[in-house]
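2 protein chains.
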Amino acid sequence: MFINISWKGKLAFEAQTESGHRILLDADPEVGGEDKGPRPMELLLVSLAGCTGMDVVSILKKKRVNLEGLAIKIQAERAPQHPKYFTTIDVEYTFRGKEIKEEDVKQAVELSKDKYCSVSAMLQEKATISFRWNIANQ
Amino acid sequence: MFINISWKGKLAFEAQTESGHRILLDADPEVGGEDKGPRPMELLLVSLAGCTGMDVVSILKKKRVNLEGLAIKIQAERAPQHPKYFTTIDVEYTFRGKEIKEEDVKQAVELSKDKYCSVSAMLQEKATISFRWNIANQ
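Here the protein sequences come in this chain order: A and B.
Residues 22 to 159 (this note's numbering) make up the first sequence, in order.
Residues 22 to 159 (this note's numbering) make up the second sequence, in order.
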């Protein structure tokens with residue numbers, strides 16, 4: 022897998038991924054950026070959310086769970102000194118659907134966390150990652 | 022720092038970052054996605070490139086280096102089994118400008134790698150990350 026990124030002045034960068042998508046990144050105006058795109062550390066959390074989100078949706082589909090919606094909120098704390106990596110990451114899933122069982126959700130989240138999610142496998146070496154969920158059956 | 026992501030059907034997700042930017046993620050059609058956005062693991066590499074890119078641009082600016090362009094290419098290999106995290110990551114910078122000195126570039130890259138870059142601090146626990154550079158003085 023590869024990506025390319027090029028500098029667009031000040032602290033803005035434009036990335037192109039191997040799959041052909043473009044993403045603009047930028048820093049906060051407080052540190053000299055112009056907020057033209059997300060911060061690199063935000064992208065790290067987006068990457069984690071997308072990874073575990075795709076895992077759990079795939080697993081629940083295989084289990085024929087009637088999933089109608091999934092939202093994931095991630096909150097993270099950073100080290101006070103450089104390098105300011107994430108020390109704790111809290112992943113909260115909200116599943117919406119019909120007759121979704123606690124047991125199926127628990128198994129899907131655990132399979133992602135322990136077996137499939139490549140992103141959490143990398144980030145959990147530095148950060149303590151917690152996973153919790155809500156189920157909203159209609 | 023926080024981000025939210027919501028499921029958009031099949032394997033697509035839309036993220037919103039704390040800074041207010043939206044990013045669409047998707048999987049490859051081979052695994053059931055529709056390629057509406059980049060893959061989560063690509064975003065991890067984009068995050069790394071943006072993080073170290075912003076660091077080195079800032080450091081070279083402080084050193085009053087006449088930098089006119091910077092491109093970063095990242096190539097990475099994944100583990101063969103789940104979780105397929107990155108085992109090696111190769112970061113290659115191409116600096117373009119006038120009278121850019123090898124010494125300044127080396128110091129900027131090393132400061133990012135060893136001190137400032139929060140993303141590489143997290144990923145280097147699982148992946149061996151190598152950093153190399155080219156300087157194109159005009």
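Derived from the structure by calculation, the hints contain no laboratory data.
Small disclaimer: the values here were computed from a predicted structure and weren't measured.
Worth double-checking, as some hints may not be accurate.
[To be verified] Residues from chain B that face chain A, not an exhaustive set, calculated with beta carbons under 7 angstroms:
no.: 1; residue: Ile26
no.: 2; residue: Gly30
no.: 3; residue: Pro50
no.: 4; residue: Arg60
no.: 5; residue: Met62
no.: 6; residue: Ser68
no.: 7; residue: Pro101
no.: 8; residue: Thr115
no.: 9; residue: Gly118
no.: 10; residue: Leu144
no.: 11; residue: Lys147
no.: 12; residue: Ile150
no.: 13; residue: Trp154
no.: 14; residue: Asn155
no.: 15; residue: Ala157
[To be verified] Simulated crosslink set (PhoX-like; lysine-lysine; CA at most 20 angstroms straight-line):
no.: 16; chain 1: B; residue 1: Lys136; chain 2: A; residue 2: Lys82
no.: 17; chain 1: A; residue 1: Lys122; chain 2: A; residue 2: Lys83
no.: 18; chain 1: B; residue 1: Lys134; chain 2: B; residue 2: Lys147
no.: 19; chain 1: A; residue 1: Lys31; chain 2: B; residue 2: Lys119
no.: 20; chain 1: B; residue 1: Lys147; chain 2: A; residue 2: Lys136
no.: 21; chain 1: B; residue 1: Lys119; chain 2: A; residue 2: Lys136
no.: 22; chain 1: B; residue 1: Lys136; chain 2: A; residue 2: Lys29
no.: 23; chain 1: B; residue 1: Lys94; chain 2: A; residue 2: Lys105
no.: 24; chain 1: A; residue 1: Lys136; chain 2: A; residue 2: Lys105
no.: 25; chain 1: A; residue 1: Lys31; chain 2: A; residue 2: Lys94
[As the list claims (entries may be wrong)] Chain B regions said to be covered by chain A (calculated; three or more residues, Cβ under 8 angstroms):
no.: 26; segment: 70-79
no.: 27; segment: 102-113
no.: 28; segment: 127-138
Ideal Cβ placement from N, Cα and C applies to all residues, glycine included.
Hints, verified against the model:
| no. | hint | in the structure |
| --- | --- | --- |
| 1 | Ile26 | holds (4 angstroms) |
| 2 | Gly30 | violated (9 angstroms) |
| 3 | Pro50 | violated (10 angstroms) |
| 4 | Arg60 | holds (6 angstroms) |
| 5 | Met62 | holds (6 angstroms) |
| 6 | Ser68 | holds (4 angstroms) |
| 7 | Pro101 | violated (12 angstroms) |
| 8 | Thr115 | violated (9 angstroms) |
| 9 | Gly118 | violated (11 angstroms) |
| 10 | Leu144 | holds (6 angstroms) |
| 11 | Lys147 | holds (5 angstroms) |
| 12 | Ile150 | violated (11 angstroms) |
| 13 | Trp154 | violated (14 angstroms) |
| 14 | Asn155 | violated (14 angstroms) |
| 15 | Ala157 | violated (13 angstroms) |
| 16 | B/Lys136 - A/Lys82 | violated (43 angstroms) |
| 17 | A/Lys122 - A/Lys83 | holds (14 angstroms) |
| 18 | B/Lys134 - B/Lys147 | holds (15 angstroms) |
| 19 | A/Lys31 - B/Lys119 | holds (18 angstroms) |
| 20 | B/Lys147 - A/Lys136 | holds (15 angstroms) |
| 21 | B/Lys119 - A/Lys136 | violated (49 angstroms) |
| 22 | B/Lys136 - A/Lys29 | violated (24 angstroms) |
| 23 | B/Lys94 - A/Lys105 | violated (23 angstroms) |
| 24 | A/Lys136 - A/Lys105 | violated (27 angstroms) |
| 25 | A/Lys31 - A/Lys94 | violated (30 angstroms) |
| 26 | 70-79 | holds (count 7) |
| 27 | 102-113 | holds (count 5) |
| 28 | 127-138 | holds (count 3) |
Checked against the numbered hints listed earlier, the structure breaks hints 2, 3, 7, 8, 9, 12, 13, 14, 15, 16, 21, 22, 23, 24 and 25; every other hint is satisfied.
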